[in-house]
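Engineer: Chains as they are written, first to last, in numbering that gives the first Met the number 0: chain C, 0 to 236; chain D, 0 to 412.
The set of hints was computed from the structure by calculation and includes no laboratory data. Even glycine gets a Cβ: it sits at the ideal position worked out from N, Cα and C. Please note that the accuracy of each hint is not assured.
Computed footprint of chain D on chain C; a stretch qualifies when at least three of its residues, placed anywhere within it, have a C-beta under 8 Å from a C-beta of chain D [what the hints assert, rightly or not]:
| # | region |
| --- | --- |
| 1 | 65-77 |
| 2 | 82-89 |
In silico EDC-like pairs for lysine to aspartate or glutamate, Cα to Cα no more than 16 Å straight-line [claimed, not checked]:
| # | chain 1 | residue 1 | chain 2 | residue 2 |
| --- | --- | --- | --- | --- |
| 3 | D | Lys318 | D | Asp254 |
| 4 | C | Lys124 | D | Asp404 |
| 5 | C | Lys124 | C | Asp185 |
| 6 | D | Lys1 | C | Glu119 |
| 7 | C | Lys8 | C | Asp29 |
| 8 | D | Lys318 | D | Glu248 |
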Amino acid sequence: MEQAPDGQKVVTVTGLRKEYELGGTVTALDGVDLSLLKGSYTAVMGPSGSGKSTLLNLIGGLDTPTEGSVRINGTDIGEISERDRAHIRGTEIGFIFQTFNLMPRLTAQENVALPLVFAEWSRSKRTERAKTLLNSVGLGDRLDHMPKELSGGQRQRVAIARALAPDPALVLADEPTGNVDTDTGDEIMSVFDDAHERGNTILLVTHERRIAERADRIVHLEDGVRVRTETLGGDGK
Amino acid sequence: MKRLEGVRMAGRAITGHRLRSTLTIVGIVIGIATVIAFASFGASVQSDVIGEFQGTSASEIYIVSGGDFFSGSGPPGSDGGFTSPIITTYDVEQIDAIDGTRAVIPRGSVPISSLTFRNETVAPRSLTATTAAAFEGSISEGAAFESGEREIVLNEEAASQFQTNVSVGNTVEITRESTTTFTVVGITSGPRGGVSGFGPPSPEFYVPVDPHYRTVQESPTLGIDQRAYSTVTVVADAKQITQVKDAIEQYINTDSDAIRLAGDNGEVTVQSTEDVIGGIQSVLQDITRLITGIGVLALIVGAFGIANIMLVSVTERTKEIGIMKSVGATNREIIGLFLAESVLLGSAGAVIGIPVGLGVGYAGALYAEVGFTLPYGWVLIAISMGITIGIVAGLYPAWRAARVDPIEALRYE
């Protein structure tokens, strides 16, 4: 899969290394290589502290690597300005977090439309897009609800809709079922499955094998090093 | 992000904490309102007093014994405690002879114990003795008195202070050592040399110097007793006012009875209307500046209030900043959002503070009975102050917000 032509690669990670100064140098990632093809569904697994979230943050342009590079659709996001990186975060990448991270004073619809505000979409187009996405995640009747009026599962579905709003090249999810019960987790994962079926490229970090098995392949990290890759059959479900 | 969206989001953040935002705005409202209230009140008083001078007292020169217009005597014609009657009839005649002088109007106080009109008695401390020239152009009813007669002219405030308004032809009884009947011959809207400062004019009664004014001094020049006055108003030809004033000053300071009678510690000042207006302006401007300065201090305190609340807001919304960054907000957009919020707070303070200040200024003008003058310049200054305070107070918090690390922020609880 990683020998595919560059044109099909949404993400190319090369020799990625990240060190933190926490009373001494801590190496969170130590020379990780990874490619994500367009439309692929990849899960990253590993024990706590293995560097899963760091990998996601670096690929998402929230952080810059100590060494190595991350290319999103050919652009090395470590080499561009913070302003351009912000633009890529807003248009090419959709984030989904374990703690939902919705804006508390915005309605569900406004939360979904938020990336489109920074991407300078018109108000009417934003509203229309947010409505469509909330309908697609089964929250068409919760458009004007505030996050505190929604259940955990509903909040995460709003977060997924927000991640999909700018039609990003890549969806990054960090333990998306970590804060919900098993049934709700399954519901959320079925939303990911739908997104995958519609052609979205997904990179999912989880420590739950059951969740990771829905992906096409599982990349295992340990102590900041990619130790193993499992390729799952079919659509990974 | 489009600017309007930024303003809208900032507005949402402000309304999200109504009480806190309101209290922050109140600080700015107090500052702006104080500045505007005193600026408008000062402007109103200034234009009222100056308007009065320019309307009735153009081309006048005041000779005041015992200090200048402000320091001792009060306005010409008032019975100030520090004036002394040292400007003799000889002086008046000498001044009258100066080229360019149209009239010389002496004024003096005639102490009385009471004044009765139709069984209604009032007790002014004194009558004002002057000459008929004082009423030129200011008689609204009847005529000026004749010298040597028992005639009296009232100003409108005096005429209307009785239950029945006093009219020309009525008589009033004045008690000094004995009671004398005076015939009312005229009502004046305000004689020359009778500027009363700001506020409503007080009731005044005018009688001819001859024979009713009896204060005398021995003229050092002539060696005989002569009537002596504390203030004299000179009406000069408008085109020659500077020359006339110079000539009067020259006379007063060298050859006059007044300067000799004043002695070493005494003083006789000569001021033109322009000098007086300049003096009034200077005093009012100083007062206005002082109180406006206090308002500016209040504004500075308000600015610290905004900065403080914005810093709290940045800390509270750390996670939101992280979320916005993760969905594409640039540092500049984050700065813009927080700056918009502080500018909205400052502007809201100005928008509310200006009408409050104008209201207080208007109430002050009503209380002081002067015409209200809208200080347009100050309104514009207040608006720009509100915006500037918002920007200055918001800059550092906005910069802090932009520096928030998105990863740390997203973990922030």
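Engineer: Indicate, hint by hint, whether the structure satisfies it.
Structural biologist: Structure-based check of all given hints:
1. Counting residues of the region 65-77 of chain C whose beta carbon lies closer than 8 Å to any beta carbon of chain D gives 0, which falls below the threshold of three, so the coverage claim is violated.
2. Counting residues of the region 82-89 of chain C whose CB lies closer than 8 Å to any CB of chain D gives 5, which reaches the minimum of 3, so the coverage claim holds.
3. Between D/Lys318 and D/Asp254 the alpha-carbon distance is near 87 Å, which puts this suggested pair outside the 16 Å criterion.
4. Only pairs whose Cα atoms come within 16 Å are accepted, and C/Lys124 paired with D/Asp404 is rejected, the gap being roughly 31 Å.
5. Annotation: proposed proximity of C/Lys124 to C/Asp185 is violated, straight-line Cα distance about 31 Å (limit 16 Å).
6. For the hint linking D/Lys1 to C/Glu119, the alpha-carbon distance of about 6 Å falls within 16 Å, and the restraint holds.
7. Taking the CA atoms of C/Lys8 and C/Asp29, the gap is near 22 Å; set against the 16 Å cutoff, the hint is violated.
8. For the given pair, D/Lys318 sits about 78 Å from D/Glu248 by alpha-carbon distance, which is inconsistent with the 16 Å threshold.
Hint compliance for this structure: hints 1, 3, 4, 5, 7 and 8 are not met, and every other hint is.
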